[in-house]
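A.B. asks: Model the full assembly from the supplied sequences, consistent with the hints where possible.
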Amino acid sequence: MTKGRKIESIILKILVYAAAVITFVVLLFLLAYILINGLPHIKPELFALEYTTENASLMPALINTVIMTLLSLIIAVPFGIFSAIFLVEYAKKGNRFIGLIRLTTETLSGIPSIVYGLFGMLFFVTALGWGYSILAGAFTMSIMILPLIMRTTEEALKSVPDTYREGSFGLGAGKLRTIFRIVLPSAIPGIMAGVILAIGRIMGETAALMYTSGTVPDMAKTPMDAGRTLALHMYNLSSEGLYMDQAYATAVILLILVVGMNTLSAFVARKLTKGK
Amino acid sequence: MKNWKEKGMQGVFLLAACASILAVALICIFLFANGIPAMKEIGFLDFLTGQTWRPGNNIYGILPFILGSIYVTAGAIIIGVPIGIFTSVFMAHYCPKKIYPVLKSATELLAGIPSVVYGFFGLVVIVPLVRDYINTHGIRGNGGNSMLAASIILGIMILPTIIGVTESNMRSVPEQYYEGSLALGATKERTIFRIVIPAAKSGVIAGVVLGIGRAIGETMAVIMVAGNQPQMPQGIFRGLRTMTTNIVMEMGYAADLHREALIATAVVLFVFILIINLCVSLLNRRNDND
Numbered sequence: 001m002t003k004g005r006k007i008e009s010i011i012l013k014i015l016v017y018a019a020a021v022i023t024f025v026v027l028l029f030l031l032a033y034i035l036i037n038g039l040p041h042i043k044p045e046l047f048a049l050e051y052t053t054e055n056a057s058l059m060p061a062l063i064n065t066v067i068m069t070l071l072s073l074i075i076a077v078p079f080g081i082f083s084a085i086f087l088v089e090y091a092k093k094g095n096r097f098i099g100l101i102r103l104t105t106e107t108l109s110g111i112p113s114i115v116y117g118l119f120g121m122l123f124f125v126t127a128l129g130w131g132y133s134i135l136a137g138a139f140t141m142s143i144m145i146l147p148l149i150m151r152t153t154e155e156a157l158k159s160v161p162d163t164y165r166e167g168s169f170g171l172g173a174g175k176l177r178t179i180f181r182i183v184l185p186s187a188i189p190g191i192m193a194g195v196i197l198a199i200g201r202i203m204g205e206t207a208a209l210m211y212t213s214g215t216v217p218d219m220a221k222t223p224m225d226a227g228r229t230l231a232l233h234m235y236n237l238s239s240e241g242l243y244m245d246q247a248y249a250t251a252v253i254l255l256i257l258v259v260g261m262n263t264l265s266a267f268v269a270r271k272l273t274k275g276k
Numbered sequence: 277m278k279n280w281k282e283k284g285m286q287g288v289f290l291l292a293a294c295a296s297i298l299a300v301a302l303i304c305i306f307l308f309a310n311g312i313p314a315m316k317e318i319g320f321l322d323f324l325t326g327q328t329w330r331p332g333n334n335i336y337g338i339l340p341f342i343l344g345s346i347y348v349t350a351g352a353i354i355i356g357v358p359i360g361i362f363t364s365v366f367m368a369h370y371c372p373k374k375i376y377p378v379l380k381s382a383t384e385l386l387a388g389i390p391s392v393v394y395g396f397f398g399l400v401v402i403v404p405l406v407r408d409y410i411n412t413h414g415i416r417g418n419g420g421n422s423m424l425a426a427s428i429i430l431g432i433m434i435l436p437t438i439i440g441v442t443e444s445n446m447r448s449v450p451e452q453y454y455e456g457s458l459a460l461g462a463t464k465e466r467t468i469f470r471i472v473i474p475a476a477k478s479g480v481i482a483g484v485v486l487g488i489g490r491a492i493g494e495t496m497a498v499i500m501v502a503g504n505q506p507q508m509p510q511g512i513f514r515g516l517r518t519m520t521t522n523i524v525m526e527m528g529y530a531a532d533l534h535r536e537a538l539i540a541t542a543v544v545l546f547v548f549i550l551i552i553n554l555c556v557s558l559l560n561r562r563n564d565n566d
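Residue numbers (this note's numbering), protein chains in the order written: chain F, 1 to 276; chain X, 277 to 566.
FYI, nobody ran anything at the bench for these hints, they're computed from the structure.
Each residue gets a CB set at the ideal place from its N, CA and C atoms; glycine is no exception.
Fair warning: there could be bad hints in the mix.
[Claimed, not checked] Capping the alpha-carbon separation at 27 Å, the derived lysine-lysine pairs in DSS-like fashion look like this:
hint, chain 1, residue 1, chain 2, residue 2
1, F, Lys-175, F, Lys-158
2, X, Lys-373, X, Lys-477
3, F, Lys-93, X, Lys-281
4, X, Lys-374, F, Lys-3
5, X, Lys-281, F, Lys-92
6, F, Lys-175, F, Lys-93
7, F, Lys-13, X, Lys-380
8, X, Lys-464, X, Lys-373
9, F, Lys-271, X, Lys-380
10, F, Lys-43, F, Lys-271
11, X, Lys-283, F, Lys-13
12, F, Lys-93, F, Lys-158
13, X, Lys-283, F, Lys-175
14, X, Lys-373, F, Lys-13
15, X, Lys-374, F, Lys-175
16, X, Lys-380, X, Lys-464
17, X, Lys-477, F, Lys-6
18, F, Lys-6, X, Lys-464
19, F, Lys-92, F, Lys-158
20, X, Lys-380, F, Lys-158
21, F, Lys-13, F, Lys-3
22, F, Lys-158, X, Lys-283
23, F, Lys-6, X, Lys-283
24, X, Lys-477, X, Lys-380
25, X, Lys-281, F, Lys-13
26, X, Lys-477, X, Lys-464
27, X, Lys-374, F, Lys-271
28, X, Lys-283, F, Lys-93
29, X, Lys-464, F, Lys-271
30, F, Lys-175, F, Lys-92
31, F, Lys-158, X, Lys-281
32, X, Lys-374, X, Lys-283
33, F, Lys-158, F, Lys-6
34, F, Lys-92, X, Lys-477
35, X, Lys-374, F, Lys-43
[Stated by the list, open to error] Computed footprint of chain X on chain F; a stretch qualifies when at least three of its residues, placed anywhere within it, have a C-beta under 8 Å from a C-beta of chain X:
hint, region
36, 61–67
37, 121–131
38, 262–269
C.D. replies: What follows is the structure, given as structure tokens:
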């Protein structure tokens, strides 16, 4: 081996290790920085039911987030699961219509959130006349998470062995019965993992909600009321610049929620692969 | 009766599957119907190549924001791609088996952090760092809110995309390539960088293009660190505004042509994203054919 090649190898090896160290140190630093600065500021008044300019409470935003998440899921999950069933169980391969569905789903998953926000503002808020409301935000979010739920459900359905289906058909069950009694139940962990991932996406979303659900810091009493979610609340706090301590504390809560959701999703997905 | 139920539900599934087509159609219709007339009124060329954005005087040129988006994305690529690719080499070939699950979930965690938290981190950590650098070196700047800060944050944000895609593509390169090269006396590093990565090339490129899409569409993290001055980009230490942030900055109070010009900005952004998506699916198709 020539000397030059040996040096080349050593340099590349150093670069590989250096890059890995940078990646994981940046992540650790980010988490540690926010936790260290935020944890001391998590105080009881931050969870007051009413938002006032004194307490900058995150409770109303947290409740809005929960409502927003539930509504978005109620809209997106049936559509996502049903279209995945269509794609996996009914569609014939190579059909042009199927190609169109795949193309549009891919397009949806690449659209930036601000474009969703703008569309939500033009369609749900203005054209349908819903005004800034949780409902408009939830519909916008449901379009945004649709491709995610479709893809994870599709993968979960595909991972159900064909022998299950054949066994069910062999016992005289119809296609519909097979899907709902045999295929879907065995695909549930995979679908759940996707849904939980979608919850994380909704909780962390800001740009798509700014001009659909509005930035009012109060709790929404009905879905037609405006109200900001936790992520939007945090953006407003930090851009106003008056509540940096509360912004740190909100960042901690947001991180715990979103990271928790992602970890839960990974855990559920791992259960699925282990169970086989 | 049973047959009727079967057929009915098949129809329901089919209808649900049309939801994504309907959504894309609606998004296109509403964006284009609101944006194209404004572009026509301003003049396509004036809109796309105009260097001044002054809604108060009815001057709408978005070249500064197009360039802003491109520069910030290029910066993110320069920072994120080398680190991402080298990290994925580490993940695929160097990482001890014991700590692999931990690091793998760490990269997933990196992908899960909301963009507003990244932006906040940039605001309280990266921006002051840039500000200090500017002040000690006597460079003209906008108090640390800069293209550099935005590029660094975006560079971190695209890491998980690039690591994930590159790693899985490197793993799908047949083991024989790797072993064959080692057997011929090449070192491990040489094998990886001369044999494995070239074999996974189109997958690696697809990962980079996905990262570009993510960076160019990112809004909240950029708005918090980039300064958002509506002017032509003037260097890495100065503030700039991207297409995405232009929309968020002014949508709240815009009316009439100004509002439509912002929607037209989204149309331009949308077209950029469509082109990027097209590239990704072409690259993936080539991968599948191999």
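A.B. asks: Hints first: check each against the structure and report whether it holds.
C.D. replies: Evaluation of the provided hints:
1. Note on F:Lys-175 and F:Lys-158: the hinted pairing holds, with a Cα-Cα distance of about 16 Å set against a maximum of 27 Å.
2. As the CA atoms of X:Lys-373 and X:Lys-477 are separated by approximately 25 Å, the hinted pair is consistent with the 27 Å bound.
3. Of the pairs offered as hints, the one joining F:Lys-93 and X:Lys-281 holds, with about 24 Å between alpha carbons and a cut-off of 27 Å not exceeded.
4. For the given pair, X:Lys-374 sits about 33 Å from F:Lys-3 by alpha-carbon distance, which is inconsistent with the 27 Å threshold.
5. Note on X:Lys-281 and F:Lys-92: the hinted pairing holds, with a Cα-Cα distance of about 21 Å set against a maximum of 27 Å.
6. Between the alpha carbons of F:Lys-175 and F:Lys-93 the distance comes to roughly 18 Å, so the proposed pair stays at or under 27 Å and holds.
7. Our distance criterion of 27 Å between C-alpha atoms is met by F:Lys-13 and X:Lys-380, whose separation comes to about 20 Å.
8. A C-alpha spacing of about 17 Å is found between X:Lys-464 and X:Lys-373, which places the hinted pair at or below 27 Å, so the restraint holds.
9. Note on F:Lys-271 and X:Lys-380: the hinted pairing holds, with a Cα-Cα distance of about 17 Å set against a maximum of 27 Å.
10. For the hint linking F:Lys-43 to F:Lys-271, the alpha-carbon distance of about 36 Å lies beyond 27 Å, and the restraint is violated.
11. Proximity of X:Lys-283 to F:Lys-13 is assessed by CA-CA distance (about 60 Å); at most 27 Å being required, the pair is judged violated.
12. Restraint check for F:Lys-93 and F:Lys-158: the C-alpha separation of about 14 Å stays at or below 27 Å, so the hint holds.
13. Distance check on the hinted pair: X:Lys-283 and F:Lys-175 sit about 10 Å apart at the alpha-carbon level, within 27 Å; holds.
14. For the hint linking X:Lys-373 to F:Lys-13, the alpha-carbon distance of about 18 Å falls within 27 Å, and the restraint holds.
15. For the hint linking X:Lys-374 to F:Lys-175, the alpha-carbon distance of about 45 Å lies beyond 27 Å, and the restraint is violated.
16. For the given pair, X:Lys-380 sits about 22 Å from X:Lys-464 by alpha-carbon distance, which is consistent with the 27 Å threshold.
17. As the CA atoms of X:Lys-477 and F:Lys-6 are separated by approximately 24 Å, the hinted pair is consistent with the 27 Å bound.
18. Taking the CA atoms of F:Lys-6 and X:Lys-464, the gap is near 11 Å; set against the 27 Å cutoff, the hint holds.
19. The suggested pairing of F:Lys-92 with F:Lys-158 holds, with an alpha-carbon distance near 14 Å, which does not exceed 27 Å.
20. A hinted pair counts as satisfied when its Cα atoms are at most 27 Å apart, and X:Lys-380 with F:Lys-158 qualifies at roughly 24 Å.
21. Distance check on the hinted pair: F:Lys-13 and F:Lys-3 sit about 15 Å apart at the alpha-carbon level, within 27 Å; holds.
22. Simply put, F:Lys-158 and X:Lys-283 have alpha-carbon atoms about 22 Å apart, close enough for the 27 Å limit, and the pair holds.
23. Between F:Lys-6 and X:Lys-283 the CA atoms are separated by roughly 68 Å; this puts the pair beyond 27 Å, and the hint is violated.
24. For a cut-off of 27 Å, the pair hint linking X:Lys-477 to X:Lys-380 stands: about 22 Å separates their Cα positions.
25. About 62 Å separates the Cα atoms of X:Lys-281 and F:Lys-13, which puts this hinted pair outside 27 Å; it is violated.
26. Distance hint between X:Lys-477 and X:Lys-464 is fulfilled; the C-alpha atoms sit about 18 Å from each other, no more than 27 Å.
27. For a cut-off of 27 Å, the pair hint linking X:Lys-374 to F:Lys-271 stands: about 19 Å separates their Cα positions.
28. The hinted pair formed by X:Lys-283 and F:Lys-93 meets the criterion: a straight-line CA distance of about 20 Å does not exceed 27 Å.
29. At roughly 35 Å between alpha-carbon atoms, X:Lys-464 and F:Lys-271 are farther apart than 27 Å, so this suggested pair is violated.
30. In summary, the hint linking F:Lys-175 to F:Lys-92 is supported, as the alpha carbons are separated by about 15 Å, within the 27 Å threshold.
31. Proposed proximity of F:Lys-158 and X:Lys-281 is supported: the alpha carbons are some 24 Å apart, at most 27 Å.
32. With a C-alpha separation of about 52 Å, the suggested pairing of X:Lys-374 with X:Lys-283 is violated against the 27 Å cut-off.
33. The hinted pair formed by F:Lys-158 and F:Lys-6 fails the criterion: a straight-line CA distance of about 47 Å is larger than 27 Å.
34. Using a Cα cut-off of 27 Å, the hinted pair F:Lys-92 and X:Lys-477 is violated, with the two alpha carbons roughly 32 Å apart.
35. Restraint check: the Cα-Cα separation between X:Lys-374 and F:Lys-43 comes to about 39 Å, which exceeds 27 Å; the hinted pair is violated.
36. Look at the region 61–67 of chain F against chain X: 0 of its residues bring a Cβ nearer than 8 Å to a Cβ of that chain, fewer than three, so the hint is violated.
37. With 4 residues having a beta carbon nearer than 8 Å to a beta carbon of chain X, the region 121–131 of chain F meets the requirement of three or more and the stated coverage holds.
38. Residues of the region 262–269 of chain F with a Cβ under 8 Å from some Cβ of chain X number 3, which satisfies the need for three, so the listed coverage holds.
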